[in-house]
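Peer 1: Quick note, the sequences are listed as chains A and B, same order.
Residues in the first sequence are numbered consecutively from 128, following the working numbering.
Residues in the second sequence are numbered consecutively from 893, following the working numbering.
Just so you know, not all the hints are guaranteed correct.
Every beta carbon over 12 Å from chain A, so not counted as near; a handful from chain B, in silico [claimed, not checked]: (1) E907; (2) G923; (3) A951; (4) A1016; (5) A1040; (6) A1043.
Restraint-style ranges between C-beta atoms, simulated for each label pair [claimed, not checked]: (7) A:A181 x B:P964: 33 to 43 Å; (8) A:G143 x B:P965: 38 to 48 Å; (9) A:L178 x B:G982: 18 to 28 Å; (10) B:S1004 x A:A181: 15 to 25 Å; (11) A:A142 x B:E1047: 48 to 58 Å; (12) A:D139 x B:A911: 20 to 30 Å; (13) A:A142 x B:P965: 42 to 52 Å; (14) A:D169 x B:A969: 12 to 22 Å; (15) A:G143 x B:R1039: 36 to 46 Å; (16) B:A952 x A:A142: 40 to 50 Å; (17) B:P1044 x A:E134: 37 to 47 Å; (18) A:M163 x B:D905: 22 to 32 Å; (19) A:A141 x B:R1039: 34 to 44 Å.
Derived by calculation from the structure, the hints in this document are not laboratory data.
A virtual CB, placed ideally from N, CA and C, is assigned to each residue, including glycine.
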Amino acid sequence: MTAIVRERRLPDPAAGERPVAPALGAAIGAYQDAVMRLGGIDPVTTELVRLRCARQHQCHT
Amino acid sequence: MTADAPSGLIAPDLEERLARFAPEVREVVAGMHGALWRELDAELLELCRLRIAMLQGDAAGLARPAPAASLPPEKAAAVRDWPSSPQFDGRERACLAFTEQFVADVAGVTQSDADALLEHLTPAGARAFVSALLALDQHQRLALGLRAVLAPEGESA
């Protein structure tokens, strides 16, 4: 398994920096919210999948 | 389809399956793709979309019309040969190299991969590009997966 890396590889936004694609960021958030709310899969399985995806993408948030 | 997302941004068979089985997800996927094609360089994203389709063996993704920006035919035909083809500039090569690593092994993206991207994109631009890659990669994986498990409308599974 690939080692988890916690350092950010892209710099954090600078103070006052304008995002390049603000609607895209918001839309990805809306997508993730909608997927988590789907009722066809039980919450435990949904959470297991979410955690697996987070590990695969090395997402720590 | 949402007001933010004109038709054609999502693969038709994916849109049809989502409309049947998860219409609320179809709406947000449409919004996501409306945003990414509108806010970012559509020609650059089309290069990456085609390369993702090649790497995933998504023949339908390769064959469908460009969602937002068509490439010159000779450039589209050269995407597979991006490292050596004179059709591509340094920025496109950096983005395609990052795309290949992202699709093949996202957990294996290195600082060197990110630094190569940052030679051509601002930090904010690079963050947006990676977000767009996530959406494009996810779209094609979702389409491939749903084709495998859900029959087209009107056919039994």
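Peer 1: For each hint, tell me whether it holds in the structure or not.
Peer 2: Right, here's what the structure says about each hint:
no.: 1; hint: E907; verdict: 14 Å, holds
no.: 2; hint: G923; verdict: 5 Å, violated
no.: 3; hint: A951; verdict: 25 Å, holds
no.: 4; hint: A1016; verdict: 5 Å, violated
no.: 5; hint: A1040; verdict: 17 Å, holds
no.: 6; hint: A1043; verdict: 17 Å, holds
no.: 7; hint: A:A181 x B:P964: 33 to 43 Å; verdict: 39 Å, holds
no.: 8; hint: A:G143 x B:P965: 38 to 48 Å; verdict: 43 Å, holds
no.: 9; hint: A:L178 x B:G982: 18 to 28 Å; verdict: 38 Å, violated
no.: 10; hint: B:S1004 x A:A181: 15 to 25 Å; verdict: 23 Å, holds
no.: 11; hint: A:A142 x B:E1047: 48 to 58 Å; verdict: 55 Å, holds
no.: 12; hint: A:D139 x B:A911: 20 to 30 Å; verdict: 39 Å, violated
no.: 13; hint: A:A142 x B:P965: 42 to 52 Å; verdict: 45 Å, holds
no.: 14; hint: A:D169 x B:A969: 12 to 22 Å; verdict: 47 Å, violated
no.: 15; hint: A:G143 x B:R1039: 36 to 46 Å; verdict: 45 Å, holds
no.: 16; hint: B:A952 x A:A142: 40 to 50 Å; verdict: 45 Å, holds
no.: 17; hint: B:P1044 x A:E134: 37 to 47 Å; verdict: 45 Å, holds
no.: 18; hint: A:M163 x B:D905: 22 to 32 Å; verdict: 25 Å, holds
no.: 19; hint: A:A141 x B:R1039: 34 to 44 Å; verdict: 43 Å, holds
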